[in-house]
Amino acid sequence: MYLPSAVTKQSEIEAAIQQVAHALAPDVVRIRYDIGEDWSGQWAIFFKVVLSDDAAKRRLRDVATKVVWGLAGQLDFPSMGVSPYHNFRSVSEQAALQEPAWA
Amino acid sequence: MLADDLLEDARHLAAKGDEENRKSCMRRAVSTAYYAVFHLLIEDFVEHWEFEDQRARLARMFNHQKMKDAPFRPKDKNNPTVVEVALTDVITAFGQLQGDRHRADYDLGWNIVRTDVNDAITLAEATFQKWRSIRGEEVARNHLLSMFGAKIDRVPDA
Numbered sequence: 089m090y091l092p093s094a095v096t097k098q099s100e101i102e103a104a105i106q107q108v109a110h111a112l113a114p115d116v117v118r119i120r121y122d123i124g125e126d127w128s129g130q131w132a133i134f135f136k137v138v139l140s141d142d143a144a145k146r147r148l149r150d151v152a153t154k155v156v157w158g159l160a161g162q163l164d165f166p167s168m169g170v171s172p173y174h175n176f177r178s179v180s181e182q183a184a185l186q187e188p189a190w191a
Numbered sequence: 087m088l089a090d091d092l093l094e095d096a097r098h099l100a101a102k103g104d105e106e107n108r109k110s111c112m113r114r115a116v117s118t119a120y121y122a123v124f125h126l127l128i129e130d131f132v133e134h135w136e137f138e139d140q141r142a143r144l145a146r147m148f149n150h151q152k153m154k155d156a157p158f159r160p161k162d163k164n165n166p167t168v169v170e171v172a173l174t175d176v177i178t179a180f181g182q183l184q185g186d187r188h189r190a191d192y193d194l195g196w197n198i199v200r201t202d203v204n205d206a207i208t209l210a211e212a213t214f215q216k217w218r219s220i221r222g223e224e225v226a227r228n229h230l231l232s233m234f235g236a237k238i239d240r241v242p243d244a
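Protein chains in written order, with this note's numbering: chain W, 89 to 191; chain H, 87 to 244.
It is worth saying that the hints were derived from the structure and are not from the lab. Every value quoted in this text rests on a predicted model; they were computed, and no experiment measured them. Watch out, some of these pointers could steer you wrong.
[Said to hold, decoys possible] Here are the simulated DSS-like cross-link-like pairs (lysine-lysine), alpha carbons at most 25 Å apart as the crow flies:
1. H:K102 - H:K154
2. H:K163 - H:K237
3. H:K216 - W:K145
4. W:K145 - H:K109
5. W:K154 - H:K102
6. H:K152 - H:K237
7. H:K109 - W:K154
8. H:K216 - W:K154
9. W:K145 - H:K102
10. H:K163 - W:K97
11. H:K216 - H:K152
12. H:K216 - H:K163
13. H:K161 - H:K237
14. W:K136 - H:K154
15. H:K237 - H:K154
16. W:K154 - W:K136
17. W:K136 - H:K109
18. W:K97 - W:K154
19. W:K97 - W:K136
20. H:K161 - W:K154
Just chain H, with the same shape it has in the complex (with noise of 0.2 Å):
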């Protein structure tokens, strides 16, 4: 999958960065762990989509802020299920990392340093296994069609 390997040229952006203190490469290496996540998700949604050489054309649909600011909270958010934490887990590092990705491309005053790095590879990482654990769950189905700009439906009150 593109996304597998966007997460791993991030690891080797950020290696080579790392070992030779390339300010380009530690940049490049926050900005592809978010393209990494971005993909992760698109790749995820329109892979069920039946016709397959309409699925390029699906994924560019997909919009950077409306991911970003899909709405979401647990239904009891004092006492959220294990999947509703792992989902806001997914949500929150994607936000993290697009702001991330926005400093590494456009903000020439960031000045990056290693453990900005490490803390974008780790977490696209650590955010491709909890997707994984829970894409196939309703909630996590639902918020990405969220993310694709669907509304919500309505819980009717009881």
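Chain W on its own, in the form it takes in the complex (with noise of 0.2 Å):
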């Protein structure tokens, strides 16, 4: 079965993620990820992105715009074989949801 290099490479993508969790704090909360396949079956890694009540309403398009640049920037995605995707939802919204995947 074929898995991509990006699952050998997670010690790189926790990095990547609490070096631009860092950058763009207090905005960004924390990122979470996990590495399946897309709706086409194709690999790859969906970043759950927690962002301050204030962020997900009166910046989002701006900080979701960094996060994306900032990860891309530190991960080199089409040669660890995967896409990237991005969610993201506010602190209050995980708050009401308690989804384990984004605590």
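Assembly of the complex is requested from the two constituent chains, each provided in isolation within its own frame, with the hints serving as guidance.
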């Protein structure tokens, strides 16, 4: 079974995530991720980005763009064999949903 | 243009979903935001086809996955041009919106929230703006041809 090289680069991914989250704090509260197949069956990395309520409400596009570029600047997704997807929610939304994958 | 109408529809659906906390409208807003961008690109391609009565048929030849998978790398990835940066944003946004559209239409387990909808709408709006600013550039036109399914010309070695 084919596995993308991203699977073996978890520490590199974690380091990139920490750096981006730190650089964009307090707008970015935390970033989680998982690797799996997307709708078309291709390997993908799914980033789950929790934003402050203020950032989610007032600066979503700006912060989201910085997250996307920040991660792409540090991680070479094509060579890792994955397509990136980024999803965002606010602290309040996550508090209401309590989804473990975003915690 | 259909693309502009769809983007406006997406905004209306987002507002209704927000006002009434209606998940079906929120999902339709995300899905419609994707289709707005999908048609933005297709309309741009087919409007250059001389035979107007054939444009609808030509438009139907576009394939969602081929469009997403069309390859692109800046000539110098460490020093991309302004146009290449904008095109990369359009490509990334297209893949993101397409993935979100599938979740919105088929993933009943998705707990969609307001931020998901706002993200899709603002991403689509930004993509309209970026695409329209670069649509006449050679690199953008070549990528649109790749999205249609054309193979990339190989650049001869120097």
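Right, here's what the structure says about each hint:
Using a Cα cut-off of 25 Å, the hinted pair K102 of chain H and K154 of chain H is violated, with the two alpha carbons roughly 30 Å apart. As the CA atoms of K163 of chain H and K237 of chain H are separated by approximately 21 Å, the hinted pair is consistent with the 25 Å bound. Straight-line distance between C-alpha atoms of K216 of chain H and K145 of chain W comes to about 23 Å, which keeps the hinted pair within the 25 Å bound. A hinted pair counts as satisfied when its Cα atoms are at most 25 Å apart, and K145 of chain W with K109 of chain H qualifies at roughly 19 Å.
Proximity of K154 of chain W to K102 of chain H is assessed by CA-CA distance (about 29 Å); at most 25 Å being required, the pair is judged violated. Annotation: proposed proximity of K152 of chain H to K237 of chain H holds, straight-line Cα distance about 11 Å (limit 25 Å). About 28 Å separates the Cα atoms of K109 of chain H and K154 of chain W, which puts this hinted pair outside 25 Å; it is violated. Annotation: proposed proximity of K216 of chain H to K154 of chain W holds, straight-line Cα distance about 16 Å (limit 25 Å).
Pair hint K145 of chain W plus K102 of chain H holds up; C-alpha atoms about 17 Å apart against a cutoff of 25 Å. A distance of roughly 21 Å separates the Cα atoms of K163 of chain H and K97 of chain W; the hinted pair therefore holds under the 25 Å criterion. Restraint check for K216 of chain H and K152 of chain H: satisfied, since their Cα atoms lie roughly 21 Å apart, inside the 25 Å limit. Between K216 of chain H and K163 of chain H the alpha-carbon distance is near 19 Å, which keeps this suggested pair within the 25 Å criterion.
Note on K161 of chain H and K237 of chain H: the hinted pairing holds, with a Cα-Cα distance of about 17 Å set against a maximum of 25 Å. Distance restraint check for K136 of chain W and K154 of chain H: the Cα-Cα separation of roughly 21 Å lies within the 25 Å cut-off, and the hinted pair is therefore satisfied. Between K237 of chain H and K154 of chain H, the direct Cα distance comes to roughly 14 Å. Compliance with the 25 Å bound is thereby established for this hinted pair. Restraint check for K154 of chain W and K136 of chain W: satisfied, since their Cα atoms lie roughly 14 Å apart, inside the 25 Å limit.
For a cut-off of 25 Å, the pair hint linking K136 of chain W to K109 of chain H stands: about 20 Å separates their Cα positions. A hinted pair counts as satisfied when its Cα atoms are at most 25 Å apart, and K97 of chain W with K154 of chain W qualifies at roughly 22 Å. The hinted pair formed by K97 of chain W and K136 of chain W meets the criterion: a straight-line CA distance of about 18 Å does not exceed 25 Å. Between K161 of chain H and K154 of chain W the CA atoms are separated by roughly 22 Å; this keeps the pair inside 25 Å, and the hint holds.
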